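Work the whole structure out from these sequences, hints included.
There are 2 protein chains.
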Amino acid sequence: MQSNTNFHSLLCPDSIAVVGASRKPGKLGHLIVSNLIRAGYKGKLFPVNPAGGEILDLPVISAIKDLPTPPDMAIIALPRDKVIGAMKELAKADVSAICVITAGFRETGRDGFELEMAMADLARRKNITLLGPNSLGLINTHCNLNATIAQSIPQKGAIAFFSQSGALCSAILDWADGEHIGFSKFLSLGNKAGLSEADVLEALGDDPETKVIIGYLESVDDGEKFLRKARMVTEKKPVIMIKAGTTQSGARATSSHTGSMAGSVVASSAALRQAGIIQVHDLEALFDLARSFAEQPLPQGPNLTVVTNSGGPGILAADACEDAGLHLARPSQKTLEKLTEALPPFAAIYNPIDIIGDAKADRYRATLEAVAVDEFTNAILALLTPTASAEIEATAQAIIDVAEHCEKPIFACFMGGERIGPGRDMLIAAGIPCYAYPEPAVRAIEAMYAHYQWLNRPYPVEVCFRRDKGKGKQVIRKARKVGLKELPFSDAMDMALAYELPIPETRLVRTSDQAVRAAKKLGYPVALKIVSPHIANRGDVDGIALDLHTPREVRDAWLDITTRTQRKRPDAYLAGCLVQTMGPIKAREVIVRFTQDPQFGPLISFSLVGPSAEVLGDIAYRLAPLTLQDAQDIVREIKSFPLLRGARGEDPVSLAAIEDILLSMSQMATDFPEIQEAELNPILVDTEGAMVTDLRLTIG
Amino acid sequence: MQSNTNFHSLLCPDSIAVVGASRKPGKLGHLIVSNLIRAGYKGKLFPVNPAGGEILDLPVISAIKDLPTPPDMAIIALPRDKVIGAMKELAKADVSAICVITAGFRETGRDGFELEMAMADLARRKNITLLGPNSLGLINTHCNLNATIAQSIPQKGAIAFFSQSGALCSAILDWADGEHIGFSKFLSLGNKAGLSEADVLEALGDDPETKVIIGYLESVDDGEKFLRKARMVTEKKPVIMIKAGTTQSGARATSSHTGSMAGSVVASSAALRQAGIIQVHDLEALFDLARSFAEQPLPQGPNLTVVTNSGGPGILAADACEDAGLHLARPSQKTLEKLTEALPPFAAIYNPIDIIGDAKADRYRATLEAVAVDEFTNAILALLTPTASAEIEATAQAIIDVAEHCEKPIFACFMGGERIGPGRDMLIAAGIPCYAYPEPAVRAIEAMYAHYQWLNRPYPVEVCFRRDKGKGKQVIRKARKVGLKELPFSDAMDMALAYELPIPETRLVRTSDQAVRAAKKLGYPVALKIVSPHIANRGDVDGIALDLHTPREVRDAWLDITTRTQRKRPDAYLAGCLVQTMGPIKAREVIVRFTQDPQFGPLISFSLVGPSAEVLGDIAYRLAPLTLQDAQDIVREIKSFPLLRGARGEDPVSLAAIEDILLSMSQMATDFPEIQEAELNPILVDTEGAMVTDLRLTIG
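From first to last, the protein sequence lines are chains U and B. Each residue of the first sequence is one higher than the last, beginning at 1 in the UniProt record's numbering. Each residue of the second sequence is one higher than the last, beginning at 1 in the UniProt record's numbering.
Derived from the structure by calculation, the hints contain no laboratory data. Because the structure is a prediction, the values reported are computed rather than measured. Be a bit skeptical, because a hint or two may be false.
Because identical chains cannot be distinguished in the list, a pair is counted as satisfied if it fits within a single copy or across any two copies.
[Stated by the list, open to error] Taking lysine-lysine pairs in the PhoX-like style, the calculated list, with each CA pair at most 20 Å apart, reads:
| hint | residue 1 | residue 2 |
| --- | --- | --- |
| 1 | K334 | K586 |
| 2 | K27 | K360 |
| 3 | K126 | K65 |
| 4 | K360 | K24 |
| 5 | K65 | K44 |
| 6 | K82 | K27 |
| 7 | K481 | K469 |
| 8 | K92 | K82 |
Printed below as a string of structure tokens:
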């Protein structure tokens, strides 16, 4: 864990040593010095190179040990094999932070990997903040600091960007130049030997000059830490991220690129969502959203009002709106009256409000003023196409004027090229996001409303319920002792009892006489299930008989089950059968599972039993520990949820009962990281409650 | 139906009368004349205005009857109520084509609608090609014709654009200015009183100057005609369209905008697909694809090779690739050898080929040359980020040079802004699509490969099978006579027999004794189903008993069914029960339906029985008549298809049996438009074949 003091040395150093500075233009060691000077760095700057002399009028120090004062920060641009030596000397010189530009470490194979580990170790021992290696450098526009090998320097702004890909950084910087987009901080993480995405996220969360954080990630190193930090940051400011490697091909490319294994895609996607991070899937969306979040307030409801001078784009906006789950609310009666007065008779005064192709700026102004105070409007989108009558700059001015006194977010979409250009520039300069098409504008509003909902979600309830962790420990210890990976059913049942999972009353019996006696005690109807340490899935051997009503049926079932099992698995030792009280017969069947994700820890999943999950992939995921809200969300997130609510005239099932089970499993997963996998399948659930009729636990 | 001769008069007229020409700059009637002159129109030009005088040095004709020669084409920009009068005079003056710019017709209410009908009628009677009203006009760059009220004139090019929204036309023209994108034709359809989208599509299909057609549609007037024409056009050139109003909100906005009812979304989407039209969902994709289709050959396979100077964008491209169903194929051994020789040791020579951040143009050139002749590569994407070493213009030149001798499509993605600008401009000028992000580039390649597959689909097989249409007619006539909407089961069964649908042997019986006798004749096991003209859905009254094995079971079932039905529906007349042979018991259940779509005719759907269709919407649609290929596609298109193929260790079902039923239903729907709706539900299907165990037919 890096301290904040050191972060200050990295981002706003009083003095900088450039180790590997070069006199030759074109060399990275030259570019760094020239970028620092060009950006107007105010602190002390020490180029270091054994050749001595001068670089860009600065005297060159010939060795690290000759530095006149301990540098706050050092940038290293040396050949790979010299980096670790330089770091050692810098440590002696009492440096606080180091950024390593040099590449050729982990990403190139075993030798590089070991060198990188040594660097990381050194930094940790000497308490040096390490950025990189294989970093493009970093920028802090608010300190006139450009310590990168990029060619462009961004404008000052409120967006912080961090990226695991250096090349992407240079692309973004180049692109930002032409787009009037400003940045507060810019960090190229490189191989993340020292600073991880979680460290950087935390620092940017505390940075007063940053309003919005955007990031590009390929892998997450410590999922739990990332999640914990990110959760705190998203309370303070929006975080928008693109996670690369979300497909098999992408993951393969990631691992060949960074030398790190990509974690499970569902786990990382669950992590981002549970941390309140806005996940996007392409770069365009990343920057579209960054700008909108930086410049406009959040919509406080789902109602978007569209004002347009042409029907077609209005329809496209309406389509996008419904796809995004936003509403085109009908304006209030008062607004409608104002619009009727202000607009010509053929205008459409509902929503989209079509002020027709001959609209000049005054019509936009009157309409927007009415809509700005409309009680049913949470966000406004002003569309303009360059009709013959359109007054482009005056319309832009009208939008800017209305936005000044309006607490709702206002977005513009000016469609076209050269003619609308000046209007577009005015809007962007005034902080009004201006899109080229209606669809991305609507998607930005959708994301901002989702973030509003995230900030206003119910306060996470600490779930507190009785459990017997000691008993759980005993179960695990016992299994460990015998060396079993999968717990025997009776032990699994003990674990279930310890976590108060609703399980049917069960007896283990060894003869059919015992079975009949047990059934009598439990009360008919009962179920009979084969027990064998060699049979993981009873379904495979047809080892289950349900709904047995009489002693006769129990005896017949015993015979059937045991003969079938012996025929199918002559190698299996039959320990006997379980006799269980029957769960509800007309219930729905659902599954709750968890597995341990290598990056993010226990990943809980929920689905129905059957093809919706197996074939259509209708499964919802969350990382443990779950909040009550998480448990409620996960149940409602599957597309098949209407079936649980009773979509087809059936009775709804008890969602609370499922949520209880999810929370218990979350607790179990958190208490026992040694449980590698757990599956409750099936859980029978009806209006009254739920019953876990089978469960499997595997320990690692 | 408009003749091609008239189309020539509209698109390439020898003489033009501008009716409502005006001397005042800013008036539409002035803008039209000035646009015609500015674009360099070579034919005779007659401004018409009762005030006489001169407009832009042209003598003004004061009345239509005074025109010196019959004009090939006339453009009308008069107040609404004068339009029809002018059209009548123009008809007398023997005009061939008219474009009406004036708005305020159908879209404004009843009066306007009637005026528009009168115009359409006049045009039809006088054989005048009518574009509009409410049109922005039209452009033919290859005749120097700009007969629009738009402010910009596009460059010459190979893309034809037609649009139902005029405002969108002006936005596009303005945008195209800055994007170096050229057009061949540009048509604003307006209210489509005369020329419809189908007419225009056909004409553009025959236009030698057009390589790609793109269109924006809100409604389709004659679905069948559109489908027929579009099918022919897509054989000749790609057609890319955006259909607005694809959501409820969008459809509402459409109808308030155009005054036309939007047809069913699934039907229009099926129509576009069956016609081979590429449907896109936002404007950005429309133009991205237009440019790529216009400039590059189609990929002849799904294998994309990505060449990049940075890992991150390579991963994003790989993700996009898998999402798009394309493959990142491993290059051939020979290519790998060339790459090993040409690239530094840390380069990734598989795919994405990462030539690393210090790559200069020569490394791009060597890699692209190797990949251009690689036997496993069908398309190439060259990614560049502006690293410190990047040679942007030289790299653009390398791509251009390789593309010149390469028969495979080549796409570029230069990420950034100012620095990459010159490279981007070079590529675009050389006809190489250059994207700002990897994702849209991959989506363009996906669409082009899909079009390649469309062109190379198996030749549509004319399906020929025995049917007894006469018998079908009798059934319909009988139902009509009695005034029934829903056919009685026995008649529906007759219809099914006429179309050789596989139905179980069935007897209608009126007593339980008869039922037992029928069961004996048919052979056990049997099913028993209630029959009542008042009960549409037997499931509602539990009026079905299956798998009856003995006379006793039949009698019991008879009692059960009839009592239950009488209790639940005391108003219903019970005509008796059906006794049926049982279909396969362990079969899958599927549904085939059709309904008559008001715009596109019979729309056939296919799904499984159960929640996958009802709750998750997993239903596939096609318009009748189906080809054999359509029938095969529709079965495979549902996401649940793996269940039919036997995903979970079950036996696969007979797909051919389902396809036969689909084709029979397609024939029935085509033969009898008076059948409003038909539903075969459920159809039992197993490995051997299928059986339709219940069906309902409703006539209009």
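Hint-by-hint comparison with the structure:
In this assembly of identical chains, the alpha carbons of K334 and K586 never lie at most 20 Å apart, being 53 Å within a copy and 63 Å across copies at closest. When the C-alpha separation of K27 and K360 is checked against a cutoff of 20 Å, the pair qualifies only between copies, where the shortest distance is 14 Å, while the shortest distance within a copy is 55 Å. Taking identical chains as interchangeable, the C-alpha atoms of K126 and K65 lie at most 20 Å apart only when both belong to the same chain, with a minimum of 17 Å there against 97 Å between chains. In the homo-oligomer, the alpha carbons of K360 and K24 lie at most 20 Å apart only across protomers (18 Å), although the nearest pairing inside one protomer, at 58 Å, exceeds that limit.
Proximity of K65 and K44 under a CA criterion of 20 Å is satisfied intra-copy only: 16 Å inside one chain copy versus 87 Å between copies. Within a single copy, K82 and K27 get their C-alpha atoms as close as 17 Å, which meets the 20 Å cut-off; across copies the closest is 75 Å, which misses it. For the identical chains of this complex, K481 and K469 are intra-copy neighbours only, at 18 Å inside a copy versus 77 Å across copies, given an alpha-carbon limit of 20 Å. Only within a single protomer do K92 and K82 lie at most 20 Å apart by alpha-carbon distance; the minimum there is 16 Å, versus 92 Å between protomers.
Of the hints listed earlier, the one the structure fails to meet is number 1.
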